[in-house]
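Generate coordinates for the entire structure from the input sequences, incorporating the hints supplied.
There are 4 protein chains.
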Amino acid sequence: MGDRSVQSMNVALIGAGRIGRLHARTISADAGSRLAAIADADPQAARALGEEMGVETRDVEAVLADEAIHAILIASSTNTHADLIERGTAAGKAVFCEKPVDLALARAEACATRVEATGERVMIGFNRRFDPNFQALREAYVNGEIGQGEMLMITSFDPAPPPLTYITASGGQFRDQMIHDFDIANWLWGMPKAVTAAGSCLVDPAIGEAGDTDTAIVILHYADGRLATIRNTRRASYGHDQRIELLGATGLIEVGNVTESTLIHRSAAGSRHSNPVHFFLERYMTAFDREWRAFREALLSGGPMPVTVRDGVNALLLAEAAMHSLAEQKTIAITAINAQETG
Amino acid sequence: MGDRSVQSMNVALIGAGRIGRLHARTISADAGSRLAAIADADPQAARALGEEMGVETRDVEAVLADEAIHAILIASSTNTHADLIERGTAAGKAVFCEKPVDLALARAEACATRVEATGERVMIGFNRRFDPNFQALREAYVNGEIGQGEMLMITSFDPAPPPLTYITASGGQFRDQMIHDFDIANWLWGMPKAVTAAGSCLVDPAIGEAGDTDTAIVILHYADGRLATIRNTRRASYGHDQRIELLGATGLIEVGNVTESTLIHRSAAGSRHSNPVHFFLERYMTAFDREWRAFREALLSGGPMPVTVRDGVNALLLAEAAMHSLAEQKTIAITAINAQETG
Amino acid sequence: MGDRSVQSMNVALIGAGRIGRLHARTISADAGSRLAAIADADPQAARALGEEMGVETRDVEAVLADEAIHAILIASSTNTHADLIERGTAAGKAVFCEKPVDLALARAEACATRVEATGERVMIGFNRRFDPNFQALREAYVNGEIGQGEMLMITSFDPAPPPLTYITASGGQFRDQMIHDFDIANWLWGMPKAVTAAGSCLVDPAIGEAGDTDTAIVILHYADGRLATIRNTRRASYGHDQRIELLGATGLIEVGNVTESTLIHRSAAGSRHSNPVHFFLERYMTAFDREWRAFREALLSGGPMPVTVRDGVNALLLAEAAMHSLAEQKTIAITAINAQETG
Amino acid sequence: MGDRSVQSMNVALIGAGRIGRLHARTISADAGSRLAAIADADPQAARALGEEMGVETRDVEAVLADEAIHAILIASSTNTHADLIERGTAAGKAVFCEKPVDLALARAEACATRVEATGERVMIGFNRRFDPNFQALREAYVNGEIGQGEMLMITSFDPAPPPLTYITASGGQFRDQMIHDFDIANWLWGMPKAVTAAGSCLVDPAIGEAGDTDTAIVILHYADGRLATIRNTRRASYGHDQRIELLGATGLIEVGNVTESTLIHRSAAGSRHSNPVHFFLERYMTAFDREWRAFREALLSGGPMPVTVRDGVNALLLAEAAMHSLAEQKTIAITAINAQETG
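Chains as they are written, first to last, in full-length UniProt numbering: chain R, 1 to 343; chain G, 1 to 343; chain U, 1 to 343; chain L, 1 to 343.
Everything labelled a hint here was simulated from the structure, so no lab data went into it. We put the CB at the ideal spot given by N, CA and C, even for glycine. Only true hints are included.
Below, simulated DSS-like cross-link-like pairs (lysine-lysine); rule was C-alpha separation at most 27 angstroms, straight line:
| hint | chain 1 | residue 1 | chain 2 | residue 2 |
| --- | --- | --- | --- | --- |
| 1 | L | K330 | R | K330 |
| 2 | U | K330 | U | K193 |
| 3 | R | K193 | L | K330 |
Far from chain R by the CB rule (all over 10 angstroms, computed), these chain U residues:
| hint | residue |
| --- | --- |
| 4 | I19 |
| 5 | E56 |
| 6 | T80 |
| 7 | R107 |
| 8 | G149 |
| 9 | P163 |
| 10 | N186 |
| 11 | L188 |
| 12 | W189 |
| 13 | D224 |
| 14 | R293 |
| 15 | T308 |
Not close to chain L: a few residues of chain G, all C-beta gaps over 12 angstroms, as computed:
| hint | residue |
| --- | --- |
| 16 | A65 |
| 17 | T89 |
| 18 | A106 |
| 19 | E120 |
| 20 | P162 |
| 21 | D224 |
| 22 | R293 |
| 23 | P306 |
What follows is the structure, given as structure tokens:
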């Protein structure tokens with residue numbers, strides 16, 4: 001950001017879909033950022049959001065050419081991510097890009113290598129790292145409050161499956177849904193050495209017919225013997241169930257769900273507590289705000305990006321390994337994936 | 001118990017009603033006691049329980065005359081308690097007597113004075129003092145874990161009112177239901193200096209027509225400024241709600257309900273937890289067992305009675321004060337009650 | 001607001017102290033409001049906040065004379081509230097005023113009567129009514145989910161006492177701290193017919209020497225027999241403890257604390273859960289936002305004020321009654337207070 | 001039991017070790033059973049327990065020859081189980097045998113086949129099926145309260161590892177510790193079609209040197225796509241952590257830990273809740289009682305054994321499959337194990 005005040009960081013949003021709208025609001029609510037332009041392959045979508053936010057719409061070329069734009073936020077479709085990262089950084093912009101970097105591991109890997117070589121400023125939007133509860137858990141762990149880690153369990157249940165059209169374009173449950181949990185595992189424990197996956201189609205047969213799973217369990221094996229489990233379903237009727245448990249030599253730490261309220265209703269039928277909030281935008285609202293501020297503050301301070309393109313590649317690597325494990329019904333070493341995909 | 005082994009303590013039960021049946025089972029389950037005889041003003045009731053337990057029935061005179069009987073357990077109607085305590089101790093028996101000592105404060109006071117003067121072995125059945133959760137709370141308090149006590153709150157809700165015939169003979173909500181909570185307050189904090197009471201009839205108009213309340217709140221005022229609240233209702237639709245909170249200078253300790261199971265059922269309708277157990281016999285089952293063992297062990301060791309007749313009088317004194325406070329709509333000093341009742 | 005769009009509501013803040021700063025942020029964060037001016041008896045305080053917020057400072061007269069100002073928010077010292085309400089409404093402004101209306105019941109009553117007679121638009125800042133948890137409880141009650149109400153219990157513990165200088169100017173614990181809880185009781189159940197109070201100084205002897213209590217319990221008696229209890233302490237070492245329980249004929253509803261996180265730490269020492277958030281600004285952050293939006297929306301729709309000056313008077317009336325009850329050690333009828341104070 | 005009253009069931013206990021002592025107490029506490037004799041390969045151990053319980057000691061031959069003995073309870077070392085089952089049933093006794101049937105799958109299988117062929121009355125002691133909480137969960141599931149099952153998660157953590165001598169004779173973590181969880185999974189869902197296992201030595205290197213794991217995770221794959229996870233550790237510093245979660249199409253049911261008390265201690269350091277009870281005998285005390293009663297009642301009614309030798313074989317089969325999976329780092333089909341072991 002050089003000598004520019006953080007108050008004046010001008011941001012262009014690329015992508016005016018659901019997640020783009022969310023980021024438009026996040027940027028606007030941040031006192032240190034200004035949403036300066038909106039671009040979308042579909043000009044009507046751009047215009048609709050632009051009018052709502054009182055922000056002008058432009059095409060991507062104009063955005064990249066504009067010296068007054070300091071940063072771009074990429075929220076367009078996945079297949080545009082890696083290109084836009086490279087074009088944005090080439091144009092001198094700081095880049096915040098939604099996950100994943102790319103569905104193809106080799107493409108993501110190439111992008112990461114380039115960003116690492118050039119020192120470009122790119123952050124990947126793994127928002128869950130910024131959830132206050134998950135951060136409290138990580139802090140307790142890093143502070144040694146439970147000693148050496150032994151078992152990690154991540155429960156990550158969506159309340160309802162997305163539309164089938166979304167699923168078929170998503171890269172599959174491991175690369176679309178569990179990617180978040182792979183990243184959380186990496187954030188807590190670094191990369192494992194091997195992956196074992198199990199998966200089924202139990203929620204909607206159409207998902208299975210499309211070649212995907214909707215119910216999946218993965219075991220991560222670490223070099224020193226630690227073990228992690230991740231559980232995903234596309235449908236938990238009671239809400240967005242997001243929990244982490246971490247067992248260590250001297251204790252267990254866990255973080256639970258954020259509920260709709262603290263209301264308890266007791267009657268002859270039992271004691272009814274409030275459910276976890278249903279929608280991920282509500283569940284991770286605070287995380288999205290914090291994520292954006294972390295990006296801006298890293299730019300301002302010149303410090304390292306809080307989530308790097310390499311982090312994006314690593315999560316993808318685990319997804320890829322899980323897909324192989326599921327297909328071959330055996331444990332897959334991470335090194336095997338590297339060779340195979342990037343060779 | 002002299003040189004007799006604790007294994008051979010022979011007990012006669014006087015009173016074969018609901019609470020008598022409970023004690024029959026408690027005594028039988030205790031390896032150190034033997035239920036040796038059952039008496040009841042209604043010979044048929046005695047016989048029924050006697051046959052069930054495989055124990056002979058006798059009349060009270062025969063029980064008191066039998067040298068082989070070491071202790072009597074008085075579970076007959078309230079108006080017989082004080083007399084039986086006196087006859088039992090006169091006959092050289094150790095006595096365990098259900099609460100209350102008597103509905104009339106003066107009669108209870110006379111009984112306490114005599115027992116204190118003679119050193120007779122009499123325990124009053126305030127079973128809640130033996131609940132493991134309440135004991136854990138008291139232990140934490142006595143150990144100074146929250147510093148100086150400031151506010152105490154006892155919630156004591158019955159699941160459903162007893163029959164009206166029971167209520168009309170019970171001495172009223174303060175002497176029948178809240179008596180347990182007065183005793184718990186005394187056990188935790190000793191006697192207060194004054195009492196303020198509020199009460200209503202909200203559950204069943206027939207209770208109000210009988211001159212009683214079914215919903216009551218009492219504030220206890222202690223000499224050093226501490227304050228306690230007790231809340232009672234005759235009907236909590238969700239079960240037997242029994243909680244204590246104790247606020248101190250450095251923290252708050254609380255004990256909650258014992259629930260039917262640890263089952264949680266999550267669905268779109270919310271997260272349904274199990275209710276508190278419904279019936280007091282189930283809720284305080286462990287307490288009844290411990291209470292009896294505490295009596296037997298005190299007899300064996302020659303130590304002081306865990307709950308004395310004086311404790312019974314003190315709880316009654318608070319009930320009496322609450323009744324005056326409710327009638328006069330003002331705070332009543334305990335000293336005023338003493339004078340009034342025993343003068 | 002006539003034909004003016006809600007987007008353009010211009011607000012002047014009067015009072016740049018702690019609560020004024022909070023409101024400055026709340027107004028700024030609301031898309032439908034604009035903080036247009038800041039006034040404070042202390043020009044330096046006004047200037048400091050004005051610079052921070054990028055808002056010009058003026059004196060009250062200038063604010064009231066400015067046609068472009070639609071509403072004023074009164075966050076100055078208590079003794080200026082009633083006058084500013086009257087001056088503001090006389091100048092045609094909508095008025096949002098922090099509680100209390102005045103420490104003197106008669107002055108508050110006069111203000112309410114005038115506002116009621118003229119239909120002026122004044123809202124009093126009882127923010128807790130806008131807490132999402134409390135609202136969920138009220139909604140469940142109003143919807144009949146527990147049948148007829150019987151007992152209400154409000155626990156309202158502050159984490160630490162305010163400075164003594166604040167306490168001595170505050171009007172005392174009932175008018176300063178418990179005023180919020182009186183308002184919550186009124187919001188849930190309407191006005192009671194009588195009040196019984198108990199209070200002590202246990203936290204800090206200096207508070208007692210200043211003639212105030214720091215530990216207080218009040219029982220509210222309703223015409224139909226319902227009973228409410230309010231418990232206050234100036235110091236709960238574990239955080240801002242804010243709970244409501246409401247027992248009805250068919251169930252009990254309760255709302256609990258908002259905790260710092262969902263973290264649980266299990267070890268040999270026990271299972272340590274996160275504490276309630278410590279500071280009231282954090283605890284009621286959402287409530288402050290919602291409160292302001294409710295004010296703006298009521299202005300826009302022309303609907304009734306969500307919290308009226310009469311609500312402010314009613315809460316004050318209960319505080320006054322509690323003070324009499326404490327002094328006289330008896331239950332005080334609300335009608336007695338009305339006569340006494342306004343006669 | 002023919003025409004014999006259940007009140008008179010005479011039981012001989014074979015094995016006077018830790019678990020034998022537990023059963024001695026359970027039998028004694030059951031009104032319908034009488035502990036009639038105790039046998040142990042170590043006559044001193046038998047005598048010690050016999051004196052404590054007031055029961056005569058005999059050798060196994062004498063027990064089996066005694067017509068007055070109706071049932072034997074086998075609590076001797078694992079390698080004697082299958083033989084004693086066969087000798088006991090041959091002598092006309094009903095048999096209750098502690099798990100496992102045998103460490104060798106083929107031996108257990110042979111025993112099951114014989115018992116099935118002859119209709120002999122043998123129950124295996126998988127006590128956890130009789131835990132009231134687990135039973136409440138199963139009942140809710142069987143009643144269809146969450147629709148079709150999808151994911152099951154069993155957490156089963158011991159508080160501390162047993163002595164190394166125990167571990168080396170135990171058959172390993174899957175056959176000794178996880179055997180209980182395999183049985184619970186079978187009880188809830190029947191046999192899976194395949195098993196994937198992961199395991200490490202993280203608690204005590206000596207366990208690893210002995211060729212065993214102390215930390216293990218297993219995934220069970222069912223024919224219709226359902227998935228189950230079991231997690232074991234030999235050391236959870238905070239107590240005996242025993243939980244089950246079951247996700248279905250319309251909800252999730254879970255049962256949690258039984259805690260030492262309901263005490264909560266709130267202070268500036270957080271809110272400390274009571275830990276799960278530490279010792280399995282305490283955790284499953286009720287389950288042991290119910291298990292024994294279920295055995296006696298099944299004998300009395302002539303109904304099926306609540307837990308059969310086949311159930312014991314099935315749990316062992318999963319343990320065997322898990323061991324293969326761990327060794328080969330791949331998913332193992334149950335059919336593969338059957339062939340391999342019994343061929």
